[in-house]
Amino acid sequence: MHPLELVKNLRTFLPPEAVLYESEDLKPYECDGLSAYRQMPMIVVLPQSEAEVIRILRICHMSETPVVARGAGTGLSGGALPHAAGVLLSLAKLKRILEVDPLARTARVQPGVRNLAISEAAAPYGLYYAPDPSSQIACSIGGNVAENSGGVHCLKYGLTVHNILQLRVVTMAGESLEIGGAGLDAPGYDLLALMTGSEGMLGIVTEIMVKLTPSAEKAQVVMAAFDDIRKAGDAVANVISAGIIPAGMEMMDKVATHAVEEYIHAGYNLEAAAILLCEADGTAEEVADEIRHIDEIMRQSGAIEIRTSRDETERLRFWAGRKAAFPAAGRVSPDYYCMDGTIPRKNLARVLDGIERLSAEYGLRCMNVFHAGDGNLHPLILYDANRPGELEKTEEFGAKILEMCIAAGGTITGEHGVGIEKLNQMCSQFGSRELKIFHAVKMAFDPAGLLNPGKAVPTLRRCAEHGAMHVHRGEEKFPELPRF
Amino acid sequence: MQNIIDQFADTIRIAAERKAPLHICGGGSKEFYGNRIVGQNISMLDVTAYSGIVAYEPTELVVTARTGTRLADLEAQLHKHRQMLAFEPPHFGAAATLGGCIAAGLSGPRRASVGAVRDFVLGVRMLDGRGDDLRFGGQVMKNVAGYDISRLMTGSMGTLGLLLEISLKVLPLPPMEMTLSLQMKQAVAIEKMNLWAGKPLPISATCFCNDALTLRLSGAEAAVHAAHMKLGGEEVAEAAAFWQSVREQTHLFFQPGKSLWRLSMKSTTPPLSLPGQQLIEWGGALRWLISDAAMDAETVRAAAKTAGGHATLFRSGESSAAAFHPLTAEMMSIHRRLKEKFDPMGILNPGRMYPEL
Chain L
1 MHPLELVKNL RTFLPPEAVL YESEDLKPYE CDGLSAYRQM PMIVVLPQSE
51 AEVIRILRIC HMSETPVVAR GAGTGLSGGA LPHAAGVLLS LAKLKRILEV
101 DPLARTARVQ PGVRNLAISE AAAPYGLYYA PDPSSQIACS IGGNVAENSG
151 GVHCLKYGLT VHNILQLRVV TMAGESLEIG GAGLDAPGYD LLALMTGSEG
201 MLGIVTEIMV KLTPSAEKAQ VVMAAFDDIR KAGDAVANVI SAGIIPAGME
251 MMDKVATHAV EEYIHAGYNL EAAAILLCEA DGTAEEVADE IRHIDEIMRQ
301 SGAIEIRTSR DETERLRFWA GRKAAFPAAG RVSPDYYCMD GTIPRKNLAR
351 VLDGIERLSA EYGLRCMNVF HAGDGNLHPL ILYDANRPGE LEKTEEFGAK
401 ILEMCIAAGG TITGEHGVGI EKLNQMCSQF GSRELKIFHA VKMAFDPAGL
451 LNPGKAVPTL RRCAEHGAMH VHRGEEKFPE LPRF
Chain V
1 MQNIIDQFAD TIRIAAERKA PLHICGGGSK EFYGNRIVGQ NISMLDVTAY
51 SGIVAYEPTE LVVTARTGTR LADLEAQLHK HRQMLAFEPP HFGAAATLGG
101 CIAAGLSGPR RASVGAVRDF VLGVRMLDGR GDDLRFGGQV MKNVAGYDIS
151 RLMTGSMGTL GLLLEISLKV LPLPPMEMTL SLQMKQAVAI EKMNLWAGKP
201 LPISATCFCN DALTLRLSGA EAAVHAAHMK LGGEEVAEAA AFWQSVREQT
251 HLFFQPGKSL WRLSMKSTTP PLSLPGQQLI EWGGALRWLI SDAAMDAETV
301 RAAAKTAGGH ATLFRSGESS AAAFHPLTAE MMSIHRRLKE KFDPMGILNP
351 GRMYPEL
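Sequence order for the protein chains is L and V. Number 484 marks the last residue of the first sequence (our numbering); no jumps. Number 357 marks the last residue of the second sequence (our numbering); no jumps.
No lab work stands behind these hints, which were simulated from the structure alone. Note that the structure is a prediction, hence the values are computed from the model and not measured. All C-beta atoms in this analysis are idealised placements derived from N, C-alpha and C, irrespective of residue type, glycine included. It cannot be assumed that every hint is accurate.
[What the hints assert, rightly or not] FRET-style restraints, in silico, Cβ to Cβ:
id, chain 1, residue 1, chain 2, residue 2, range
1, V, GLU356, L, GLY363, 40 to 50 Å
2, V, GLU356, L, GLU361, 49 to 59 Å
3, V, MET229, L, ARG292, 18 to 28 Å
4, V, MET229, L, HIS265, 33 to 43 Å
5, L, GLY267, V, LYS185, 46 to 56 Å
6, L, ALA123, V, PHE32, 40 to 50 Å
7, L, HIS466, V, PRO270, 54 to 64 Å
8, V, THR306, L, ALA138, 31 to 41 Å
9, V, ALA94, L, ARG292, 35 to 45 Å
10, L, ASP227, V, ALA94, 49 to 59 Å
[As the list claims (entries may be wrong)] The calculated DMTMM-like cross-link candidates involving lysine to aspartate or glutamate, where the alpha carbons are at most 20 Å apart (straight line), are:
id, chain 1, residue 1, chain 2, residue 2
11, L, LYS156, V, ASP132
12, V, LYS341, L, ASP446
13, L, LYS218, V, GLU221
14, L, LYS436, V, ASP133
15, V, LYS192, L, ASP101
16, L, LYS436, V, ASP132
17, V, LYS199, L, ASP101
18, V, LYS305, L, ASP295
19, L, LYS218, L, ASP295
20, L, LYS436, V, GLU340
All chains should be built: construct the whole structure from the sequences, respecting the hints.
What follows is the structure, encoded as structure tokens:
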């Protein structure tokens, strides 16, 4: 269908300001949080209700127009990168909190509601929404579902998939589905899990019922400094061995602490090779007990300095440094590229050594922040996009880090998603049979292949051409494809 | 061990060629659960030979074990390191295997406080209906590469694939547990369970039956005692045996031979006015109903649906109703398409979940 004809069709039921097609109106949508990739969409639509979403999808389905969903646009893997010949479906106007049920500890919300807004609405009842990605002030719950977002507290409180009960979903063909339920399980296959983290490939989420968690009575954090990153890694393992699941356990390396200290003055030890933040929450009695225990473990693990937050102000100050890691990277370098691999924690030292080696090899600085409790690494590669060739070098460096994560028994993405960014690394992590199953799952929901085409799962052809494939369990990958 | 997998794969390939259904079977402890497998020339595929723990690192909080591993052996191994399968899966027999536990997707008393089986599944290795050896997910807590096939497999009753190996997140055993009993009526108990679940209290299990609410506290000693002071109630002796009887359905409430319905619903749903006896778990979100054979399935299902949930005929007794709550036409068509993709010949446990799958 001709773009203008499509616009005309959409405007039969949407107000003119909800259907954008002039290039100056489209410009703000050309990228998401991964700004290295940009693409202008053909049309942007901003529906205000599920009924409008259904009509938009039916028209696009009939006219075979690709559709890319977008929430707040804070995604870090280019999952909401527009399609040149497609409609960008912004869910930003579906931003109503429909119901908070304090007794059942649930909230029904529309996908455009900000993550933090849910916790704010639940706060008067002593409840909150547990997953807290660092972008929680801006990111939308619909985007969180699409990416299965985590946060610093997910070792104890889980990811998005553990904290949602029900979804209303519209398929590309315009059918609406209710997935999950108000209870703790649902009949049939676990489509709730399948939808979570599916990166807008399977359906458009129009409503979410989230679980709310009682706010802890108290939280306290131990900050421990180590002269060797290995000792910090051992301290993490020792905490877990002692039977403690901390509310949060974060590690930062020296490059990171120096970058943030200059800017936030969190009080980090600048001599340390690594610092560890380990938080306990719960009732006052539980916290006192756990903090005592953590303090002892840090001491035994060889910490050179240990400080425990004395009050809420100090606790927030200790955390402020960690939370400012990304902006701090932006202050010390014109550009930075955030990676998102997960590894079994025991391989931490090996992977960090490897990153240091690559950093020297590429001549690019790298700072490491690490969700230590669950093995999720965020190396931030510092670069300058204005220097010719530096972005390409950075991407190559990043790709090597991800390959290293796979080799260490981990994964190429812990919480940011594959999007457009990690398609090549998907070829390393999965064989052609697994990829075929992923494509088949996509087909089961979206037989026409119109939702977010080209994202999340690489084509077998792309993998064959990428060349970074390894021989997996002695089998050659993609034997059915010609090689040159 | 690879030769066992090769045999399984050959069996599947031959069955696919002949379009002859396979009845995947572990310890047989959950044979009663779900519907009868349909088709001609059904053969059993016994997976118990593929057993044993592949990897277990307590400090990583992850265990990987083969499908035929006995659940009891796995749990005993975890307990040695003071860890557990936190979702407390029911065994329903000494022969219960890990594969059966994951395929059935059932969780026990701790479910409402820590999560269900699916919440702890991190990765699977499986054979699909073509006999292809596939791996999804992994051994790490956070992983969003590719669709979440591992959790899709959980609770799919063996209709999408044969599980080979499963990686699970494990948790430390709580330092202390205490079980309390409080006398009250059902409506009050439902309200209390929900109110308390909204407070930062270390409640790890609840069970209401015969005008008594039994609840378990788990956590640091100080926290457990403080919660006891707040909640009151009598401390129950032999508490471990009590929770075991609820988990394994050996509690007197579960009368063998009768139809047992499992209603999963919004936790705040007021007492259901259905004839028969009820036992409530999961803070009100799970209601067990023992009814006589005359009980009409539609009535039970309508009651569950009204409360935002669904009803399963868990043990059929004398009832001939289908086990699982019917799906809407739109949902069924997605289920059918998924089944076709994983098992194109329809040979893996056909009909065990729904006649169409």
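Under the constraints set out in the numbered hints, which ones does this structure not fulfil?
1, 11 and 18
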